Every structure is written in C-alpha cells, then in structure tokens.
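Enquirer: Heads up: the sequence lines are chains A and B, in that order. Position one of the first sequence corresponds to residue 1 (the working numbering), numbered consecutively onward. Position one of the second sequence corresponds to residue 1001 (the working numbering), numbered consecutively onward.
One or more hints might be untrue.
To be verified - Here's a subset of chain A near chain B, in silico, CB distances under 8 Å, partners left out:
| id | residue |
| --- | --- |
| 1 | G24 |
| 2 | S26 |
| 3 | L44 |
| 4 | A77 |
| 5 | Y103 |
| 6 | Y107 |
| 7 | S117 |
| 8 | A285 |
| 9 | S392 |
| 10 | M422 |
| 11 | Q426 |
| 12 | A432 |
| 13 | G435 |
| 14 | L455 |
| 15 | L483 |
To be verified - Dumping the calculated DSSO-like pairs for lysine-lysine here, alpha-carbon to alpha-carbon at most 30 Å:
| id | chain 1 | residue 1 | chain 2 | residue 2 |
| --- | --- | --- | --- | --- |
| 16 | B | K1105 | A | K105 |
| 17 | B | K1289 | B | K1233 |
| 18 | B | K1105 | A | K289 |
| 19 | A | K105 | B | K1289 |
| 20 | A | K289 | A | K233 |
| 21 | B | K1105 | A | K233 |
Said to hold, decoys possible - A few chain B residues that don't get close to chain A, going by computed Cβ distances all over 12 Å:
| id | residue |
| --- | --- |
| 22 | V1037 |
| 23 | W1125 |
| 24 | A1247 |
| 25 | S1307 |
| 26 | E1506 |
Keep in mind the hints are simulated off the structure, nothing from the lab. Model, not experiment: these values are computed from the prediction. Glycine residues also receive a C-beta, built at the ideal position from the N, C-alpha and C atoms.
There are 2 protein chains.
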Amino acid sequence: MRGAEALLRTLSASGVDTCFMNPGTSEMHFVASLDAVADVRPALALFEGVVTGAAIRYGRMADRPATTLLHLGPGLANGLANLHNARRGRSPLVNIVGDHATYHKAYDAPLESDIESLARPMSGWYRSSASPADVVGDAADAVTAAYGPPSRVATLVLPADVSWLECDVPVPTTVPDVVRQAGRRAPVDDGVVAEIARLLRSGEPAALLLGTSAVRAAGLVAASRVAEHAGAKLLAESFPGRMQRGAGLPAPERIAYLAEFAMAQLAGLRHLVLVDARSPVSPFAYPGKPSDLVPDGCEVHVLASESEDAVGALEALAELIGAPADSARLVPAGRPEPPSGALTPASAAAAVGALLPEHAIISDEAITGAIYLPGATEGAPPHDLLSLTGNSIGQGLPLATGAAVACPDRPVLAMQADGSAMYTIQALWTQAREGLDVTTVILDNGSYAILNIELGRVGADAGGPAARSMLEIGRPDLDFVALSEGMGVPATRAETADELTKALGEAFAEDGPHLIQAVLPRGGI
Amino acid sequence: MRGAEALLRTLSASGVDTCFMNPGTSEMHFVASLDAVADVRPALALFEGVVTGAAIRYGRMADRPATTLLHLGPGLANGLANLHNARRGRSPLVNIVGDHATYHKAYDAPLESDIESLARPMSGWYRSSASPADVVGDAADAVTAAYGPPSRVATLVLPADVSWLECDVPVPTTVPDVVRQAGRRAPVDDGVVAEIARLLRSGEPAALLLGTSAVRAAGLVAASRVAEHAGAKLLAESFPGRMQRGAGLPAPERIAYLAEFAMAQLAGLRHLVLVDARSPVSPFAYPGKPSDLVPDGCEVHVLASESEDAVGALEALAELIGAPADSARLVPAGRPEPPSGALTPASAAAAVGALLPEHAIISDEAITGAIYLPGATEGAPPHDLLSLTGNSIGQGLPLATGAAVACPDRPVLAMQADGSAMYTIQALWTQAREGLDVTTVILDNGSYAILNIELGRVGADAGGPAARSMLEIGRPDLDFVALSEGMGVPATRAETADELTKALGEAFAEDGPHLIQAVLPRGGI
Chain A
1 MRGAEALLRT
11 LSASGVDTCF
21 MNPGTSEMHF
31 VASLDAVADV
41 RPALALFEGV
51 VTGAAIRYGR
61 MADRPATTLL
71 HLGPGLANGL
81 ANLHNARRGR
91 SPLVNIVGDH
101 ATYHKAYDAP
111 LESDIESLAR
121 PMSGWYRSSA
131 SPADVVGDAA
141 DAVTAAYGPP
151 SRVATLVLPA
161 DVSWLECDVP
171 VPTTVPDVVR
181 QAGRRAPVDD
191 GVVAEIARLL
201 RSGEPAALLL
211 GTSAVRAAGL
221 VAASRVAEHA
231 GAKLLAESFP
241 GRMQRGAGLP
251 APERIAYLAE
261 FAMAQLAGLR
271 HLVLVDARSP
281 VSPFAYPGKP
291 SDLVPDGCEV
301 HVLASESEDA
311 VGALEALAEL
321 IGAPADSARL
331 VPAGRPEPPS
341 GALTPASAAA
351 AVGALLPEHA
361 IISDEAITGA
371 IYLPGATEGA
381 PPHDLLSLTG
391 NSIGQGLPLA
401 TGAAVACPDR
411 PVLAMQADGS
421 AMYTIQALWT
431 QAREGLDVTT
441 VILDNGSYAI
451 LNIELGRVGA
461 DAGGPAARSM
471 LEIGRPDLDF
481 VALSEGMGVP
491 ATRAETADEL
501 TKALGEAFAE
511 DGPHLIQAVL
521 PRGGI
Chain B
1001 MRGAEALLRT
1011 LSASGVDTCF
1021 MNPGTSEMHF
1031 VASLDAVADV
1041 RPALALFEGV
1051 VTGAAIRYGR
1061 MADRPATTLL
1071 HLGPGLANGL
1081 ANLHNARRGR
1091 SPLVNIVGDH
1101 ATYHKAYDAP
1111 LESDIESLAR
1121 PMSGWYRSSA
1131 SPADVVGDAA
1141 DAVTAAYGPP
1151 SRVATLVLPA
1161 DVSWLECDVP
1171 VPTTVPDVVR
1181 QAGRRAPVDD
1191 GVVAEIARLL
1201 RSGEPAALLL
1211 GTSAVRAAGL
1221 VAASRVAEHA
1231 GAKLLAESFP
1241 GRMQRGAGLP
1251 APERIAYLAE
1261 FAMAQLAGLR
1271 HLVLVDARSP
1281 VSPFAYPGKP
1291 SDLVPDGCEV
1301 HVLASESEDA
1311 VGALEALAEL
1321 IGAPADSARL
1331 VPAGRPEPPS
1341 GALTPASAAA
1351 AVGALLPEHA
1361 IISDEAITGA
1371 IYLPGATEGA
1381 PPHDLLSLTG
1391 NSIGQGLPLA
1401 TGAAVACPDR
1411 PVLAMQADGS
1421 AMYTIQALWT
1431 QAREGLDVTT
1441 VILDNGSYAI
1451 LNIELGRVGA
1461 DAGGPAARSM
1471 LEIGRPDLDF
1481 VALSEGMGVP
1491 ATRAETADEL
1501 TKALGEAFAE
1511 DGPHLIQAVL
1521 PRGGI
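Can you build the whole structure from these sequences, using the hints too?
Expert: Right, here's the structure in full:
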C-alpha cells in the first residue's frame, strides 16, 4: 500500500470521514487513493479559502476534525485566513499540505516555498512526514493534536514521494491508542471552584464570561444557575465558535464588538470569572483608548482554562453555592411578527426570527447588518450560532458549507455581508455540487459599512472622496443573483421586507442551496 | 503630518504612483491620507489575491513598483500566492501590510498573528516600521529593495500607531538618494563574456537560455545574433514574467512545461549558457524521472546573473564573436486565417492570432488551453506576453487588471483557464470599476485538465470515480457570463470558432472590459 493510502486509512480509523480539498500534481497519489478508502468523503472546492473554512465548521459541528488537502505553499497560503479563524475559534482540524518529493526540494522548482514558515502562525501542531513508514504515526498524532485539548489546527505536510512509495508498517483498522484519549479535558481543581464560590458569595459585583465549551447547552444552563443565584452578570465572548441558543436556553450577553459598548457592559465589575474564555481586549487599538477592556479595580479569575472541563466546573460551582437545579433563567419561546415594508437590517433580522426552522445552524458574517439578529432570534427554536472567531472575513460562506456537510439533516442559514461574501464566494459552487441545504442571505448595503464607522472611530479626519471610495463597493453594484446562478445556486432578489420574508420561507421549504440578495438602504449600516 | 501621510509622500517622491488595496480598520489613517497625496492613485479590489496580482503586473509593465495595502496577517495571507508569483518572476513590488498598534500587539487581539513568519517566504526584503520618524527612511528603503537588482517583493509592515502619530522628520519631495541608484544592474566581467565566446566557437552543441531581462526586444535581438552566428540553440525560460514577441522579433523556443518535452529540447547539448535565467528543473518530481533537466555531459555556464546586465553582456558577446548586426532571425509578419467551425484550443488560438491588436498585452493563464497560443501569435503584431511565473494559479485575471492600470493605452487580453479563473474571479469587478480595457477569454473545458494529465504522469493508477471527480469542475457547469455580468463586466458565450472570432473582434473594438466564455469540448485539454 502506498503512503497516501496508509495515511487515508489511518485518518479513517481515527474517525475522520470528510476531506475538503483543492489538490494539485503533488497530491495526485492522495487523490488516487480516495476510491480505495471509500469511508472518507472527498468534497472539492474551487478555492482553498473554501476548503479551510468548510473544514472549520465541520470540526465545530461534528466535534471531530475534518481534513483538508492543499497544494504546496501557495495552496496553503490561500487557506491561511480561515485557518486563522480556526485557530482563534479552537476548532479541531487536520490540515494536510502536499509538498514536493523530499529529494526534489533542493531544486527550488517554481512552486517551492517555505511551507513551515507559512503554516506555523496558524498551526498549533506541525510536522512533515519523512517517509511512508512514518506517515501512519504522523496521521494519528495529527488527529490527536487536533482534538487537543485545546482543539487546534494540526498541519501535516505530505511530500509527494512519501505519498507514492510503499508503506511497510501495519496500518490501523481501529482507533489508534494515541487517538483514543484525545480531547478529554482535565477536571478543574476543587480549590479553584471553592475560591470562585467564595468571591461570588462576597456580594461584590461579578460576572461570568463564557467561551468555547461553555456556550453550549449544558454549560449555559449551569452558568445561568450560578449567575442567577449569586446575582452575577452572565456574559459570553464576542465571537463564539459555536453557541447554542434560542427558546428554553439561557442567553448570556455577548461582549460587544465596539470597545465603547464593551466597556459599558463591564463597568463597575469587581470580579470577572473566565470560563474557557479569554479576558476581553479591544479588537483594534484606537488613539487614546485602552486596549484592555477590563475596568480598573476589577480582578480577573480563571474558573476553567481552554484545556479544562468548564462544564463540570460550572456544575460543581452551582452545587457548591447551592444554586437550585431549576434556577437557570431560560428564554421563553417567542418570535417577531413577519415584517412588512422597508427592508432594513432590523426587518431582515425580524424575517429570520419569524421563520427560522427548528434545529437550524446560523453562520453569521453579516457584520454591521447583523446587529439586530441576536435579539430577533433569541426566542426562536433552539439553534446553533457560528460566528467570525478570528475576525478574518471570508469565513461565512465556507463555514455554512462545512456545517451543512457535517449536519445533513439540519437547515443552515448563512447571514452574510456583501463585502465579506466576495472573499470566498466560490463556496456557493460546492454547495450546489454537494446539494447542501444552505440558505444564504446577502445583506447588501453596497459598502464596507464597518469601515465607514471605523474611519471615524480611529480619529482619521477623512471625508475625502478618495478615502471614501475605498470603503464603498457599489460602483458597480454586485449582482449576487447572477453570481449565485453562475455557480449553480438558485437565487432571488428582495427589495422589501415582504419579499425577503417570502423568499426566506420558500428557501427554507425547499431542500438544496438558495441565495437571497437582500438589498438594504445605501449609506446605512 | 501623520506617519501614514509621510509614508505616502515618500512613496510618491520615489516614483510610486499606484496603490492596489483592500484595507481594514488598522489601515484607516493610510486611507484617510489618500486625498492629501493625490498623485498616488488608489485602486480597490474585493480580495487580496487581486491586490497582489495586480501589483505584480503593474511592476512588470511599468518597470517600477506599485504598492499594495493589506489588512494584517490574514489580509497578507490572502495575497501570498500572488506574492509567490511576484517573487518567482522577480517583479518589483512594495507590499504594505497594516498591523495593530505597536502597544496593542501584546494583547493578542483576534486578528493578531505572526506577520513576519507569513511574509518572509515571499519577501526578498522585510521590515516593520518602529515609529513615525522611521517611516520615511523605511519607505525609501522598501522602494530601493523592490527595484533590486534583482527586483523583489519588499514587505513593509505599518503599525496603526506609526500611521496615526505625527512624523517629525523631513519628508522628501524629490527622489530620495537611496532610490536614485536602485535597479542598476552590474556589468558582466569581460572575462566571462570571453569564456562564453570561446565555448561557442568550439563548435560543441550549445544553447543560450534567456530569462527575465533577456526576453525583451534588445536582449532577444542580441541573443539571436549570437545564436545564429554561432549555430547555437536559442531557448527561453518556461514562464517569463514579461516577454516581448511577435512580428519583427526573434522567437526563442520556450522550455516546455512537461519534463519529457523539455528533456527532448535539451538533449545532446554540451553547453547551456544561462542569461538571467535559472537552470531548468522539472516543475514536479515524478517517480523514476530526474528533477534536474540538464542532460548528462552538458555543462551549465552563467553569462549574466539576475543582478547583472544581461543585455549588455549579450551585445558584447555578439560583437566578440563577430556576429553581424543584422544576423538576428526575426519572425516575419503573418497571422492565421480567422477560424471557422468547432471551437477547440487550436481554433481559439487561431482566433487570437488572427485578431490580436497592435501593442497588446497578453496575460496567459490558460494552462492546457494555451498550447497552441504561441504558434498562432508568433507573427502577430508585436506584443507582450505575461506568464504564470510561480506556477501558482489565480494570477491571470489580477495581472491583466494591473497591466491595464499600468498601460491605459494598450489593449490587454487575458487568456484564462476556467479552473484557475475561479481563484481570483473578483478581479473582474476592479476591471469594471476602473473601466479597464481588458478582454478576458475563459477557455472552459469543465475540468482541471492539467491534473488529468498529471494523474497519469505521476504513475497514480487512478481511474476511480472519486479520484476523477476531484479533477472535473463541470458539475455544476460554471456560467462565466453570469459571473462576469454579476461584477459589471459585459460578457458573451462562444460555442463555435466563428462565434469566438466575432466576439473577440467586438471586444477589441470597444473600450472597457469584456469577457468571453469559450466553451471547449469536455474531456479534452
């Protein structure tokens, strides 16, 4: 068996069942092995940013890593922005990068580049397989590293000759030992739980800040019990990788993106308790404003790190402070009325709130267009919200694609800004090819609206036409209906709230991908 | 004056007049300065791969660097593949990457990443500006480094506070001294020229292999004089950054992409003389085949390195061996007949050969679809050919965009494969926005045809449906007419040679961008 097939069989035995790819010549033996290892499903994308973005969401929704297959340094480079988002969102992902044959690298052929230097910044684990005999262990180690804890991007470089030469070591047919224990979080020390309990009992103003593993149902419920009983504030990170929400679940306040609002949320706190979360910082620096958003006089405590069992710690804390089992504050069911009249960010959010199907997955990359979405969907049927973890735009459409591959029985809704949609618009083609049940709503305001806001916030005194023209993308207007149909995804244009409501209802009712271009007022957010 | 404006003014004084960009929050002060420094033209792109690809061709066509403006590590990452092509093609390019404020980096905000690690592999020069007082010198040094020799990608990182703080050093209004001498190539030593003359006179089979600076008119004519007089073969690198060709110019044989053919071209040589060129290697390794394409028994000599005056050396060599001034073999004018009947790669090439306007610039990323193009255009009016220098696909449409910005009076033709077009299809929008005179022909065969060839060549015994499906992109078919019109570029579909000829004629006759989807037989090349 060739090295490539041994690699694929090891991945399959380790629980990997999907490989998003955009291969080239040096990956041809990997591609040729796909027919022999039929339990790994290959999915082709037209651009590597789609490959890595889809693999992120696969990992987050399936709770196990998908793999990528990328072509040398430049192919990896094209996928790096979404690997950045994967890293920031602590998504498990095995990132396979084909390389020239080991002996060929010395010749500095045109596609040669320093893959390690490119991969390291976005990878929590990195290795290049030296021989076909190594590839079995390397693959199991990569999967193990991807699981963590914490979950991470594990980059495995696969030289062409390692792929094509015979592998003479046994290939696993069941889960390798090293993988079996992967991903288990360490329990939090009782003393830490007791210390947090003590400070919550002090009566001083406190908040719990929930991150990655703590924003799913079990963590949310336990955290809400604690917060309600102790009179503490319940906060969540600004950009959770996957947050469960909707009717019957607690709804922590997410830290606002704009630092001014975040500081207002945190004002007056004496204790901020991190639960698998990072201490809040401003996304950007602004002249004369602080980078660290924790107010003066507020102590930061850690209940659970990103490698520890946050849910267990929250449940232990709830017990220790005597929070009743039914004390969590759960959001009652409730939807907005289907909107009518002008199409605005508010009415677009109301349309989603009115119609969101059961068990939906929302990929949110609508930026300024999404500010009304949390409120409008809070009482909707339970759903998962996937957000822009690393703030690198171009994640939204790929991650909707990956989520739909991971969860074929759940409807996926991509709420997508126009500007950021254009980074990885090629994702629509993979949605059409794979027949994925994704509804994409493009919130089209014809501008990089967030940057118009930021231009003022950074103190840049810019009203000049040259500067302003770099922030508007309505010259020429993008026709997303044409772009979508050009890649095989049926599409429609909505210019009123009524048209959006009708189009959303139809898209949710029919299987397969759909796109709706929701035309918002120009010059707005 | 703020640091950002001091930077822009220094770039302008250094001869930089164009900045392709896709900015974000940390670049807002740079953007705000654009109105104050009106002689630097900003051009917006929807994706960073378009920014860097356009900047490559600007540099190559204008013989001076354009700048980019990219947003932090992820924005840089999205532009890296075309920076790879720039590096391989030795294009002068100043790559400006915005960064968080210097003091903000410690907070590890969501968009923080290791920019230096990402940039180094593609950059011949790298620096991060430490203060507004440094930015003036740093900008001049970056331009100087970009000019070389050899020309290179110079990456200058611009922290947000370096942008927004006041710069208290003088800002140049004329070309800085350090820039004035940049780009001058060193003369080749007389002894080297004499040694090459000696071996050419030996009568042993020899070839000249021409690269970057040697494939423009003056170098081609001098090289052809030498080759004709000495009975040597005249070769050119496979992927010249910018090659001048057409009626009245010599036409060296380009080294073939497929190693088997390249080896046939080089067979029997005893001497291979490199003229600003690299010794030929196989683009990829193949089991049982050599990586180094130079045949056994052939010595490799260097007439001029990438930092030396190749044209001067060729002219000196021609004189030394007594080659008459008129001994160059020039291609006579001649065009194929406008084709009729089936649309194939051959008839598509004939249509281009029949109609190519005077002084056209051809961006060639048609891969397998382009194999008939050199023959069909050899006797066409003189034109420039820009090829895929680093073999990283996704360069073609951006470089056509950049070439059209650099040369507004020349028609630009992008010969583009369907698969590679989809990497940076967003370039069409910038063409529409800037009203650029670019005609794009998509050679649409519905597959990664080169990979179907490579699958066999690497010895991968793959006929399986899973493997094959990763190489075809005709499910669903891409409708490039819809994609193009969705970004504001008028488009048409050609299914016969007659339709292509008609559409090409119309596109060449009318200013502004056009796209033609040339539908080739499925399953062919």
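Enquirer: Look at each hint and say if it fits the structure.
Expert: Status of the hints after comparison with the structure:
Because the closest C-beta pair between A:G24 and chain B is about 7 Å apart, less than 8 Å, the hint holds. A distance limit of 8 Å between C-beta atoms decides the matter here; for A:S26 the minimum to chain B is near 6 Å, and the interface restraint holds. Of the supplied interface hints, the one on A:L44 holds, with its beta-carbon coming within about 5 Å of a beta-carbon of chain B, less than 8 Å. At about 4 Å, the closest approach between the beta carbon of A:A77 and any beta carbon in chain B falls short of 8 Å, and the interface hint on this residue holds.
Satisfaction of the interface hint for A:Y103 is found here, the shortest Cβ-Cβ separation to chain B being roughly 7 Å, below the 8 Å cut-off. Against a cut-off of 8 Å between C-beta atoms, the interface hint on A:Y107 holds, since the closest Cβ of chain B lies about 4 Å away. For A:S117, the interface hint holds, since its Cβ comes within 8 Å of a Cβ in chain B; the closest pair sits about 5 Å apart. This hint holds: A:A285 has a C-beta 4 Å from the nearest C-beta of chain B, less than the 8 Å allowed.
Annotation: interface hint on A:S392 holds; nearest CB of chain B at approximately 4 Å, less than 8 Å. Because the beta carbon of A:M422 sits about 4 Å from the nearest beta carbon in chain B, less than 8 Å, this interface hint is met. Residue-level restraint check for A:Q426 holds (minimum Cβ-Cβ distance to chain B is 6 Å; threshold 8 Å). Checking A:A432 against chain B: minimum C-beta separation of about 5 Å stays under 8 Å; hint holds.
Interface restraint check: A:G435 against chain B, minimum CB-CB distance 10 Å, threshold 8 Å, status violated. A cut of 8 Å between beta carbons decides the hint on A:L455: the least distance to chain B is about 5 Å, and the hint holds. Contact between A:L483 and chain B, as hinted, is supported at the beta carbon level, the nearest pair being about 4 Å apart and thus within 8 Å. Proximity of B:K1105 to A:K105 is assessed by CA-CA distance (about 35 Å); at most 30 Å being required, the pair is judged violated.
Using a Cα cut-off of 30 Å, the hinted pair B:K1289 and B:K1233 holds, with the two alpha carbons roughly 24 Å apart. For the hint linking B:K1105 to A:K289, the alpha-carbon distance of about 15 Å falls within 30 Å, and the restraint holds. At most 30 Å may separate the alpha-carbon atoms for a hinted pair to count; A:K105 and B:K1289 meet this at roughly 15 Å. For the hint linking A:K289 to A:K233, the alpha-carbon distance of about 24 Å falls within 30 Å, and the restraint holds.
Of the pairs offered as hints, the one joining B:K1105 and A:K233 holds, with about 29 Å between alpha carbons and a cut-off of 30 Å not exceeded. At roughly 9 Å from the closest C-beta of chain A, the C-beta of B:V1037 falls inside 12 Å, breaking its exclusion from the interface. Here B:W1125 stays apart from chain A, with its beta-carbon at least about 16 Å from theirs, past the 12 Å limit. With a closest Cβ-Cβ approach of about 30 Å to chain A, B:A1247 is found to remain outside the 12 Å limit, as its non-interface label requires.
Against the 12 Å criterion, B:S1307 stays outside the reach of chain A, whose nearest CB is about 17 Å from its own CB. Chain A leaves B:E1506 outside its interface by the beta-carbon criterion, the shortest separation being 20 Å against a cut-off of 12 Å.
Checked against the numbered hints above, the structure violates hints 13, 16 and 22; every other hint is satisfied.
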